[in-house]
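Student: Under numbering that gives the first Met the number 0, the first residue of the sequence shown carries the number 0, and numbering increases by one thereafter.
These are calculated hints, taken from the structure and not from any lab test. Since this is a predicted model, take the numbers as computed values, not measurements. It cannot be assumed that every hint is accurate.
[To be verified] Simulated restraints, written as ranges between beta carbons of each label pair:
(1) 26 to 210: 41 to 51 Å
(2) 152 to 210: 26 to 36 Å
(3) 128 to 191: 50 to 60 Å
(4) 3 to 167: 16 to 26 Å
(5) 191 to 237: 43 to 53 Å
(6) 192 to 232: 47 to 57 Å
(7) 214 to 194: 44 to 54 Å
(8) 160 to 79: 16 to 26 Å
(9) 234 to 191: 41 to 51 Å
(10) 174 to 67: 25 to 35 Å
(11) 160 to 132: 27 to 37 Å
(12) 194 to 30: 43 to 53 Å
Positions of the beta carbon are idealized from the N, C-alpha and C atoms, including for glycine.
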Amino acid sequence: MTWDYGSLASEVYELDKPIGHSFGDVEYYTGALTGTEGPVLEPAVGTGRMLIPLLQAGLQVEGFDVSPHMLAICRGHCAERGLDPVLSEADMTTFTSPGRYAAVILPAGSFGLVAGREAALSALGCFRESLRPGGRLIVDVDAPGRMTGPVQAPVRHWRRHPFLWTLQTMTVEHDQAAHQSTWFARYEKWQDGGLIATELQLLKLQHWSLTEFTGLLTEAGFTSIEVIAGYQGGRPPGPDDLTWTFTARRA
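Using the sequences and the hints given, assemble the complete structure.
Tutor: In structure tokens:
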């Protein structure tokens, strides 16, 4: 079981979610971080979709990722734009830089890649230790899914001459009690009608209820916990929301 992104998974991620692509989160995080004095950390930085717009907005942002393939793409995008942020290969359940950051951010549900209560508490503890006193954690959490069994999604594809990439995803298990879904993702890369590379990824995704995640933040030592939906300040979560955004502070 891995939440690493290999070379094909990273290429497809970059095609599907290019730099600056927003679900409403780029604008929200840019606004929420405006005026932040001190460095900001983005764990699971990926290919730089969020990092680069924040850097271009004048924020001091650093990042890390468990995938060297994601980081290579991110570094390339930064270099193209004359940016040279601190980027490193690390795991969010173990990385700490005590008291360094004014804020830690995890947009777009990346925290769902941390499966299980023990690992989640470890990651949140690392974030808290890395924050300055009074520093903020801002994290998106996907609402629990409504799936009751295996689901196979339609094949998706992307073209960039001379290649074609395809992605097939399927849930192989949905544990409602644990709020976990296990997914297969099969990536393929084609050229001139021939398959030149393929990659299989097995992902376990964790979902939390509002009460559960609030409890995790409290147990990890965070205070002043607030939650909104739809990247709209002051909007409380509702039954149809897919993503919640939690803000909490290190005491």
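Student: Taking the hints in turn, state whether each one holds.
Tutor: Taking the hints in turn, this is what the structure says about them:
1. At about 28 Å, the CB distance of residue 26 to residue 210 disagrees with the hint of 41 to 51 Å.
2. Here the CB-CB span from residue 152 to residue 210 is close to 30 Å, well matched to the stated 26 to 36 Å.
3. Taken as a hint, the range 50 to 60 Å holds for the pair residue 128 and residue 191, whose Cβ atoms sit roughly 51 Å apart.
4. Remark: the range hint 16 to 26 Å for residue 3 to residue 167 is upheld by a beta-carbon distance near 19 Å.
5. Range check, residue 191 to residue 237: about 49 Å between beta-carbon atoms, so the 43 to 53 Å window is met.
6. Remark: the range hint 47 to 57 Å for residue 192 to residue 232 is upheld by a beta-carbon distance near 50 Å.
7. Checked against the hint of 44 to 54 Å, the C-beta distance between residue 214 and residue 194 comes to roughly 47 Å, which is consistent with it.
8. Taking 16 to 26 Å as the suggested C-beta distance range, the pair residue 160 and residue 79 conforms, at roughly 19 Å.
9. Take residue 234 and residue 191: their Cβ atoms lie about 49 Å apart, and the range 41 to 51 Å holds.
10. Evaluation of the 25 to 35 Å hint for residue 174 and residue 67 yields a pass: the beta carbon distance comes to about 30 Å.
11. In this structure the hint that residue 160 and residue 132 lie 27 to 37 Å apart at CB is violated, the actual value being about 52 Å.
12. The given range of 43 to 53 Å is respected by residue 194 and residue 30, whose C-beta atoms sit roughly 44 Å from each other.
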